[in-house]
Amino acid sequence: MGEMSDLLREARTTVLHRTQLLSRSWISDEAFEIRCMRPPQFQFAPGQRVRFVQNEVERDYSPVSSPADEEIGFLVKSVKGGLFTSVLASAPEGASFHFTGPHGYFRFYPSERLPVFVATGTGVAPFVSMARAGVKGFILLHGVRCFLDLYYEPLFRKTAELYVPCLSAMKDPREGVPGAFAGRVTDYVSCQLASGAYDFYLCGNADMIRDVILLVDQKFPDSRVYTETFY
Amino acid sequence: MGNIRRCAEQGRCSIKIYTGTGDHGKTGLFSGERVSKADKRLEACGDVDELNAVMGALGASLAEEDPNVAREIQEIQSALLHVGACLMTTPGSPLVDSLKAIEEEQIKSLETAMDRMDALLPPLRGFILPSGHPAATWAHIARTVCRRAERHAVSLLGEAKQEEWSAAHRRVLVYMNRLSDYLFVLSRYCNRIMGVQETLWEK
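The listed protein sequences correspond, in order, to chains A and B.
Using my numbering, you'd call the opening residue of the first sequence number 1 and step up by one each time.
Using my numbering, you'd call the opening residue of the second sequence number 1 and step up by one each time.
Among the hints, a few may not be true.
[Unchecked claim] Every beta carbon over 10 Å from chain A, so not counted as near; a handful from chain B, in silico: (1) G20; (2) A57; (3) R71; (4) W165; (5) R170.
[As the list claims (entries may be wrong)] Pulled a few chain B residues facing chain A out of the computed Cβ check, cut under 7 Å: (6) K16; (7) T19; (8) T21; (9) K26; (10) G28; (11) G32; (12) A38; (13) R147.
It should be emphasised that the hints constitute simulated quantities derived from the structure, not laboratory data.
Even for Gly, the Cβ is constructed at its ideal location relative to N, Cα and C.
Could you put together the complete structure from these sequences and hints?
This is the structure:
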């Protein structure tokens, strides 16, 4: 999707929903999942995101929960000096937050083509929501630095047709995680993914999204590409 | 152009202007396909984009004299963004459901505006030259770009089976046709409010 559709989705009317922090569980040294009260009337499709609004700070997060869940969950990577993640990392249970949304059109569109989910880091969040909502039979390439960042491995081992953790800091592919690929997700797409037409769903940093799209243009004609950029 | 605002932490908060994904002549449709920038869809969407830019110049040229019409033009500019999104979505795609279709009311509103302006104009007694006050000439330029956009939209949608056209796609053609007429009347109206005589074609 191009820049115009990005702009259009930003222009949607914004209703402010109030939520409360219910719990926080750390899933690695740097990342934690928060569960929040689901505001009444709030509905979303797996893959869509919400925009937290806190004083002058706005941050977008994609829920990791299923729309059918009673609560709404978010994956957060703590950033040193981050204005908002530091608040989320330390807020007491019961703290109030506000968000708008849902925003965006990044959601699952079933088709006759095989879906290939490509994520870097916490960009895996929308795919967690999709998998928890019942989406199965996809290829997931999750690019992280080391195995500690594979936050939702058991879920994807159950739901993906092929789950490939791509570990950029892994020196020897025979060590550690079963089925892991030593390298970046772009290396996997370039060298390992069989030719064909796929539905690519890309979520993560802008460089990965650009590089995969350029590979799709070269090697995977007649594919579809849906993107969500996480900075 | 550059990055509007870069976040220091996770959680996107602004739109990055450059992506580099179009450096080799391809771009992405709203419906997910990757196509050449020379594709018919890009022609049609580019025309709508050009029209929107001309509408901006038109609005700016009459904002002082008629702020109400300038506001009307802004509403049309917003609608044109939805028209562009529609043209970037292949009929039959599941993304069609995410489109905001032009509403019947928006088409009616163009007609009402035309009737309102027309009531203030002398009867049309022949062809008029696209000329006069700068605001009027902007309206004429906008009209011709609008007609080109409409031609490209017709050509583009003609490639899809009619039964695959969504309500959003059908309304685009109606809206563009009505908008061209609106711009013609607006050009005459601009000359009128600016006190410039329109020039009849002398055969």
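Against the structure, the hints:
no. : hint : in the structure
1   : G20  : 5 Å, violated
2   : A57  : 20 Å, holds
3   : R71  : 17 Å, holds
4   : W165 : 19 Å, holds
5   : R170 : 20 Å, holds
6   : K16  : 6 Å, holds
7   : T19  : 6 Å, holds
8   : T21  : 4 Å, holds
9   : K26  : 5 Å, holds
10  : G28  : 5 Å, holds
11  : G32  : 3 Å, holds
12  : A38  : 14 Å, violated
13  : R147 : 22 Å, violated
Checked against the numbered hints given earlier, the structure breaks hints 1, 12 and 13 and satisfies all the rest.
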